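Colleague: Generate coordinates for the entire structure from the input sequences, incorporating the hints supplied.
All residue numbers for the sequence shown refer to this note's numbering, where the first residue is 752 and numbers rise by one.
Bear in mind the hints are in silico, worked out from the structure with no lab data behind them.
Please read these numbers as outputs of a predicted model, since none were measured by experiment.
Keep in mind that a hint or two might mislead.
The following label-pair restraints were derived from C-beta to C-beta distances [as the list claims (entries may be wrong)]: (1) 809 with 841: 24 to 30 Å; (2) 793 with 816: 24 to 30 Å; (3) 838 with 815: 36 to 42 Å; (4) 782 with 856: 31 to 37 Å.
Positions of the beta carbon are idealized from the N, C-alpha and C atoms, including for glycine.
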Amino acid sequence: MVVLVLGATGTSFAFWSGPPGSGGSGQANTGSTQSLILTPATPTADLHPGGQTDVRLSVTNPNAAGMHVASLFLDTTEGSGGLAVDAGHPGCDLSALSFATQTNGGSGWAVAGNGSASLTLTNALSMSLGAANACQGARFTVYLTAGP
752 MVVLVLGATG TSFAFWSGPP GSGGSGQANT GSTQSLILTP ATPTADLHPG GQTDVRLSVT
812 NPNAAGMHVA SLFLDTTEGS GGLAVDAGHP GCDLSALSFA TQTNGGSGWA VAGNGSASLT
872 LTNALSMSLG AANACQGARF TVYLTAGP
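Modeller: Structure representation (structure tokens):
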């Protein structure tokens, strides 16, 4: 599970203007923002040397307010550089895979407050022509993180 931490706390101030002697001010604290939760992405089709496939993931927003995800890229702290292969294919060299950072055409994705979004990232995962035979039939996991 990949978690993006977005923190926001602070203080708000307000000032009212009116007739002389009727001014005032106020102060309030904002709540903290919880992390978005990204499921590990999975390819939507089998990969072959020289090919590409879409990957699918879910983004959950536990906050009351909607949030914006500007980009999705490999979380290199998970798996092997952000990628993993099923246990039945230990000889599959993950260096044959590459993930293209996604921005949804520059507009990112909106995730509603207390909601989730299922995202399909078109042609995001590629396999090089030099992929090992040990990768045949392998199932891959792509660990992603969100960024600005």
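Colleague: Does each hint hold? Answer for all of them.
Modeller: Each hint tested on the structure:
Between residue 809 and residue 841 the beta carbons are some 28 Å apart, a value that agrees with the proposed interval 24 to 30 Å. As the Cβ distance of residue 793 to residue 816 is approximately 29 Å, the hint placing it in 24 to 30 Å holds. In this structure, residue 838 and residue 815 meet the distance hint of 36 to 42 Å, their C-beta atoms being roughly 40 Å apart. At roughly 32 Å, the beta carbons of residue 782 and residue 856 sit within the given window of 31 to 37 Å.
Hint compliance for this structure: every hint is met.
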